[in-house]
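**Q** Line by line, the protein sequences give chains W and R. When you line the first sequence up against this note's numbering, it's residues 1 to 98, in that order. When you line the second sequence up against this note's numbering, it's residues 99 to 597, in that order.
For the record, the hints were derived by calculation from the structure and aren't laboratory data. Values in this document were obtained by computation on a predicted structure and should not be read as measured data. Certain hints may be false.
Not the full set, but computed from the structure, chain W residues with beta-carbon under 7 Å of chain R [to be verified]:
1) Arg17
2) Phe28
3) Thr53
4) His55
Quick reminder that beta carbons are idealized off the backbone N, C-alpha and C, glycines included.
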Amino acid sequence: MPGITREEVAHLARLSRLELKAEELDHFAEQLNDIVDAVARVSEIAAEDVPPTSHPLPLTNVMRPDVVRPSLTPAEALAGAPAAEEQRFRVPQILGED
Amino acid sequence: MSVIDLVPYDEALAAYDPVMGLEVHVELGTATKMFCGCSTELGAEPNSQVCPTCLGLPGSLPVVNAVGVESAVKIGLALNCEIAEWCRFARKNYFYPDMPKNFQTSQYDEPIAFNGYLDVTLEDGEVFRVQIERAHMEEDTGKSSHIGGATGRIHGASHSLLDYNRAGIPLIEIVTKPIEGAGERAPEVAKAYVAELREVIRALGVSEARMDKGQMRCDVNLSLRPHGREEFGTRSETKNVNSLRSVERAARFEIQRHAAVLNEGGSIVQETRHFHEEDGSTTAGRIKDNAEDYRYFPEPDLVPVAPSREWVAELRAALPEMPRVRRERLQGEWGISDLEMQSVLNAGAIEPILETIAAGAPADQARKWWMGELARHANETGAELGALPITPAQVARVSELVAAGSLNDKLARQVIEAVLAGEGGPDEVVAKRGLAVVSDDSALGAAVDEAIAANPDVAAKIRDGKVAAAGALVGAVMKATRGQADAARVKELILERLA
């Protein structure tokens, strides 16, 4: 199993909007490799005939009827927001000046 | 923003072959969201239809809306798709505040419906088959308002405000396979496809599919390749094109723009583009390089959806008549040409005509009124036919009065105009205005005699055997009786007197 490269960490950091220093890239690459190695031990047991699992319960078609249930009030919804304005969640600038 | 000289459309088509892909998002008309019980009602105050699940708060768990799945299967069946026996939702991860969860719950490599097609009829009656790649379930995003920039644009904004009422409303995304071979008709095919899809969605009753309300939105992907080449060119993705006319214009504009770039030896950048209603142009948006990585993985909080074959068969059996089949049936029943049928469709006259027939009018009369007098009136006032201030039952009543001989065509038109002007129903107008065909010989006789006396030269011609000249005298009598005379009887009376 190929390890996590420094470039992949840089790519992930970019997607996550994280600014990482050069030494952090190496550091996290190493840590992530340890994690991947630990998890990879599962594949020693999982043979070709064992399909990948996405859910631990063997259920399908768990659905609810299309019936409206009470929502939060706007005040409750916004209670945990770091900032609100005009009854909306206020978020920082999304795009910088081009 | 660079301005480019577009290549004239015909020139672009002479050199290149367009290939399109259309992605249509349909907001389902369910009462609740896809994964929680929040209402989907439009127009509620901001953040009043949200809960821990659609806000992505820790510890909340989604549960699938059964009607959402049922609607997806119905759409799949109507588009002649195979329905998956087992499929999962997937997380599409991206960092953008319109999705508070930081991912959209969607489907990735296991769509609920796949491999279908939709036949669309072009304006001249030619049928074009659009192949469907897939239809999958997902959820809508919240609505952002950008503050502090020019005219609400994200560029230059100081911050943004989010209303998550829309976040989580069920969406079905319908993706075509590459549409090849449409040539110069590509923009027309795009428009006809979206129009037909809208009809199908409405016939199924799963959404109103109002493009002006954002209930149906189209992305137009387009590329050009030199004639004879198999390989596709680089595509652009014009996002959120929100009217039928715009779909056609966007495709047309992109054909001309791509050709201009390629003719100058340039290459097309794979990017999203924004469509502008005002002038039909598109401008560059986000560049889609390889950095785009949604890290899809199966949604661990939802169990798979496995539509049983019995259930799918039941839904298939209960599908309504598809719009194209219905149109063909009606055209056959009415015995009209492709061209006539097309103008009925273009006028939006199908429903009014059907309702008028249901109210008792013969089909040809219903069609005559809606496609004649009423279509003209709708045109002049810029109203939709269905929105005119006259009901199908009233049109049927006018037609009945004509059939009974109490109104002639001219009087009937007067009645229709009066009803449209708000003077009341047909019977009321007839009574108030004293409109009725006069066919009583004693009443007509005097008018006929006067007309003969006033036009001696015409009378002389008729006496000499020129029967066609009688038209002028009939006209004079009609004028004198304000259109109320029975024209056929008038002509008989004239010919009797001048025989």
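**Q** Which of the numbered hints are not met once you compare them with the structure shown?
**A** Violated hints: 2 and 3; rest satisfied.
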